[in-house]
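Asker: Position chain B against the provided structure of chain A, taking the given hints into account.
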Amino acid sequence: MDLAHLHLLLNHFPTIGFLVGLGIFVLGLAGKNNDLRRAALVIFLGIALLSVPIFISGSGAQEAICQAAPDRPCSDAPLAVTIQSSGTGYTFAPKVEFSGGQCSFPPAATSTVRDGQVVGIQVTYGGFGCTAAPSVAITGGGGSSAAATAALPRERILVSKAMIEQHESAAFVALGLMELTGSFAWLALWQFRRSARFSRSMLAVVLLLSLVTFGLMANVSNLGGQIRHPEVRDQVQAAAPLLSTGEPFARHVGEIVDGGWRWVFPACETLHFIGLCLLFGVAAVVDLRMLGVTKGISFRAVHRLLPWGMLGFGVNLVTGMLFFVADPFQYVHLGNWLGGQNAAFLWKMIFILLAALNVVYFTIFEEPWQLGPGEDAPLHAKLIAAVSLFLVVGIMFWGRMLPFLGGSF
Amino acid sequence: MPLALSVGLIVVGVVALVFVLGYLIDRAAGREERHWER
Chain A
921 MDLAHLHLLL NHFPTIGFLV GLGIFVLGLA GKNNDLRRAA LVIFLGIALL SVPIFISGSG
981 AQEAICQAAP DRPCSDAPLA VTIQSSGTGY TFAPKVEFSG GQCSFPPAAT STVRDGQVVG
1041 IQVTYGGFGC TAAPSVAITG GGGSSAAATA ALPRERILVS KAMIEQHESA AFVALGLMEL
1101 TGSFAWLALW QFRRSARFSR SMLAVVLLLS LVTFGLMANV SNLGGQIRHP EVRDQVQAAA
1161 PLLSTGEPFA RHVGEIVDGG WRWVFPACET LHFIGLCLLF GVAAVVDLRM LGVTKGISFR
1221 AVHRLLPWGM LGFGVNLVTG MLFFVADPFQ YVHLGNWLGG QNAAFLWKMI FILLAALNVV
1281 YFTIFEEPWQ LGPGEDAPLH AKLIAAVSLF LVVGIMFWGR MLPFLGGSF
Chain B
302 MPLALSVGLI VVGVVALVFV LGYLIDRAAG REERHWER
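As given, the protein sequences belong to chains A and B, one line each in that order. Start counting at 1 in the first sequence, then tack on 920, and there's your number in this note's numbering. Start counting at 1 in the second sequence, then tack on 301, and there's your number in this note's numbering.
Simulated from the structure, these hints should not be mistaken for lab results. Do not take every clue at face value.
What the hints assert, rightly or not - What follows is a set of in silico ranges between Cβ atoms, one per label pair, in the way DEER data are often shown:
#1 B:320 <-> A:1044: 49 to 57 Å
#2 B:335 <-> A:953: 21 to 29 Å
#3 A:950 <-> B:320: 34 to 42 Å
#4 A:950 <-> B:336: 22 to 30 Å
#5 A:1022 <-> B:320: 52 to 60 Å
#6 A:1286 <-> B:329: 21 to 29 Å
#7 A:1323 <-> B:329: 34 to 42 Å
#8 A:1119 <-> B:307: 36 to 44 Å
#9 B:302 <-> A:1287: 22 to 30 Å
#10 A:1224 <-> B:317: 17 to 25 Å
#11 B:314 <-> A:1000: 49 to 57 Å
#12 B:336 <-> A:1323: 47 to 55 Å
#13 A:1180 <-> B:314: 17 to 25 Å
#14 A:1180 <-> B:336: 47 to 55 Å
The C-beta atom is built at its ideal place from N, Cα and C for all residues, glycine as well.
Bound-form chain A, shown alone:
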């Protein structure tokens, strides 16, 4: 199994899975049922966390689908046109037209004439959606019998880089909204733990965000499906990345972070460390209390600190994803995923997801919540706290090891 498998396996959660959560949430709102509401919020939170590896594995899938050099995957390589016969009697450049090949948009080319013969054909537009090489017709120019053939590079038949980057950009925006939904879902769960009720405004915010997120994610899925399924392509939409001159949003952001604006990378790097300190600080206080340090404090008191830790996590999620889009392929080189070049990044992601399970435990479970001043936590709660500390330290370790064990930067 590689990242492409993982992407195909997981990419249904932000749409189908999220829709299930949304349905439960609406039922919970309509029926004023707090259990259903809480279940839906946990689903939102879980899918928000899962969306990070889904986005990341997308770059791995891109590399796998294109089988090209990591720095230029799925290049929209130009159509190769070969002149078979130069013809005779041409007084000006004849028209070059392409037909067939089931192209959604046929390629375009111009010709060059010298001494009455067609000596060159320059492809000005590579065409879009061609599944086979189109045939070439050379007409006009006052001459006759010039002929040429076109060949479509293999990667062009398989997939278009422009479509992948359009999918990536839509996913980047949807991921932002998904994480915002997840943050508010977590905040609502935390609030419910403290006061055993939901505030209406909080539920309204989560509902609004989840609806917008679902709409954006559905679009992302649609664009993603079209990459390998020409049968579901909407031609106008599919041609959009080629017809527009602008760079796809995620690539544009990536270039800004990757030195385009000099202050962005060092600022993100600094913030990533500050976020880490917040996260680790709060995790250490909560975990150490569970392990029996400062036993005089009730769990409720330290529970109130959790949002500070989550804010730190939020800062790190944003800055971390900015690092990722700046240069995705250094993290996800195909073939090196398990135990090779990218082991550090893989383990960092696994540790983050496992640590998230710990956060859910400390946020909503009854057991730690019941721990009053001076009370000792049960053994398995202590184990969970110890694992949590191990994971947070591990996340820092793997993050720091990215350049050394991960081959990044």
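Answerer: Using the frame of chain A, we list chain B on its own:
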């Protein structure tokens, strides 16, 4: 603008935002709890 100044400003800005958010969430939690204790 020198690089250090731009980086410093953005870092201070984001950290300030995080602390304002944290403070607001904490204050709301405190208000809520006092309300339910009454």
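Asker: Given a hinted range of 17 to 25 Å, is it respected by the beta-carbon distance of residue 1224 of chain A and residue 317 of chain B?
Answerer: holds, 21 Å
Asker: Falls inside 52 to 60 Å, the C-beta gap from residue 1022 of chain A to residue 320 of chain B?
Answerer: Since residue 1022 of chain A and residue 320 of chain B have Cβ atoms about 58 Å apart, the given range 52 to 60 Å holds.
Asker: Holds or violated: 17 to 25 Å for the Cβ distance of residue 1180 of chain A and residue 314 of chain B?
Answerer: holds, 20 Å
Asker: Go ahead and decide if the range 36 to 44 Å is satisfied by the Cβ distance of residue 1119 of chain A to residue 307 of chain B.
Answerer: Roughly 39 Å apart at Cβ, these two residues keep to the hinted range, so it holds.
Asker: Would you say the C-beta atoms of residue 335 of chain B and residue 953 of chain A sit inside 21 to 29 Å of each other?
Answerer: holds, 27 Å
Asker: If you check the beta carbons of residue 1323 of chain A and residue 329 of chain B, does the distance land in 34 to 42 Å?
Answerer: Given about 41 Å between the Cβ atoms, the range holds.
Asker: Hint says 21 to 29 Å; check whether the CB-CB distance for residue 1286 of chain A and residue 329 of chain B agrees.
Answerer: With a Cβ separation near 23 Å, residue 1286 of chain A and residue 329 of chain B satisfy 21 to 29 Å, so the hint holds.
Asker: Does the Cβ-Cβ separation between residue 950 of chain A and residue 336 of chain B fall within 22 to 30 Å?
Answerer: holds, 26 Å
Asker: Could you check the hint for me, namely that residue 302 of chain B and residue 1287 of chain A are 22 to 30 Å apart, CB to CB?
Answerer: violated, 52 Å
Asker: Assuming the hint says 49 to 57 Å, is it satisfied by the Cβ distance from residue 320 of chain B to residue 1044 of chain A or not?
Answerer: Since the Cβ atoms of residue 320 of chain B and residue 1044 of chain A sit about 55 Å apart, the hinted range of 49 to 57 Å holds.
Asker: Okay, residue 1180 of chain A versus residue 336 of chain B on CB: inside 47 to 55 Å?
Answerer: Distance hint for residue 1180 of chain A, residue 336 of chain B holds at roughly 49 Å.
Asker: Should the hint that residue 314 of chain B and residue 1000 of chain A are 49 to 57 Å apart at their CB atoms be regarded as holding?
Answerer: holds, 51 Å
Going down the numbered hints, you'll see the structure goes against just number 9.
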